[in-house]
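Trainee: In case you want the letters, here they are:
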Amino acid sequence: MTMYLVGLLSINCLIGWIVYKVFYRKRKLYNDRFGMVMAMSCSGILSLNMSMIFQFLFVDHIFLGLVLTVLIGVAIGVAFGSLVKFQSLLAGFSHGVVGSLMGNMLGIVIKDPSICSLPTPYFQMIEKNMMIFSVFGSLLVLITILLVYYSLRV
Amino acid sequence: MLASYLGYLFYGNLLILAVTYMYLYKNRKLIGFQLGMNLSNMAGGFIAIVTGVILIYQFPLKFVTITIITTLIGMAVGALFGSLFDYQTLLTGYANGLMMGIMAPMIGAAAKNNEIFLVFLEGVYIFSLFLLVLSVKHT
Chain A
1 MTMYLVGLLS
11 INCLIGWIVY
21 KVFYRKRKLY
31 NDRFGMVMAM
41 SCSGILSLNM
51 SMIFQFLFVD
61 HIFLGLVLTV
71 LIGVAIGVAF
81 GSLVKFQSLL
91 AGFSHGVVGS
101 LMGNMLGIVI
111 KDPSICSLPT
121 PYFQMIEKNM
131 MIFSVFGSLL
141 VLITILLVYY
151 SLRV
Chain B
1 MLASYLGYLF
11 YGNLLILAVT
21 YMYLYKNRKL
31 IGFQLGMNLS
41 NMAGGFIAIV
51 TGVILIYQFP
61 LKFVTITIIT
71 TLIGMAVGAL
81 FGSLFDYQTL
91 LTGYANGLMM
101 GIMAPMIGAA
111 AKNNEIFLVF
121 LEGVYIFSLF
131 LLVLSVKHT
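Same order as they appear, the protein sequences are chains A and B. Just so you know, we're using the working numbering here: the first sequence kicks off at 1 and counts up by one. Just so you know, we're using the working numbering here: the second sequence kicks off at 1 and counts up by one.
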């Protein structure tokens, strides 16, 4: 289980790094509006999925994971937003923070279903839910990145 | 008492949304991209929240499936409203619908089948669609 989560986390980091390199090479082409849209969508979904997997990985350190993932979300948003202008930096920053807080919420609820007062059968399938949600989040990241990359050609 | 009408409520929401979409489609030449971005944000986000709460009230034992379905609905509606105008409004509506759709079933599960909360959300949804229709002609 731990190996699986570490593998998914490193795949996500790899996707983010490759996409950052690709966008960095083409940064002269962007206008203001595209920079803002790109920073919003990429940083939001990437920080959401990474913070969710982080919460699954460190089961008994909720507070440490929260602080660390919010910092990671800030770093992702600033990195994607600083390609264009300060306006896109602000958009990337705010969406990175919101996305990582939401991912933490989802991860904590799946780890401990009694917070949202979900019924008792959930306590038997926590591991299965973790696997389903991490795969689903990675698919969402992939679809979003492909859509944003496709918009460079339109 | 409200629980037996949840299906009709869901169907009615989708119907109102379809009528709004047809109205926007007729007037899409009047709308610039700045307004189009906000329109796709609003439509995707609110339909995702209402759908998530209704579905988790109806099937409280299927949290995982409902989260996935609600995320897909939010993504699809945001992208549909955004695709009226431009490719970048499509991306904006898609990202916002995704965020709201992931969050919505958790709110519904924490509200514990409260009926007043659902009525309140329904009022917010109808008011948002009313504002959306109103903002087309008065920009």
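Quick caveat, the hints were computed from the structure, so don't treat them as lab data. Do not take every clue at face value.
Said to hold, decoys possible - Residues from chain B that face chain A, not an exhaustive set, calculated with beta carbons under 8 Å:
(1) Tyr-5
(2) Leu-9
(3) Leu-61
(4) Lys-62
(5) Ile-69
(6) Ala-76
(7) Leu-80
(8) Leu-91
(9) Met-103
(10) Ala-109
(11) Ala-110
The beta carbon of each residue, even a glycine, is placed where N, CA and C say it ideally should be.
Trainee: Would you list, in rising numerical order, the hints stated earlier that this structure does not obey?
Mentor: Result: hints 1, 2, 4, 5, 6, 7 break, sorted rising.
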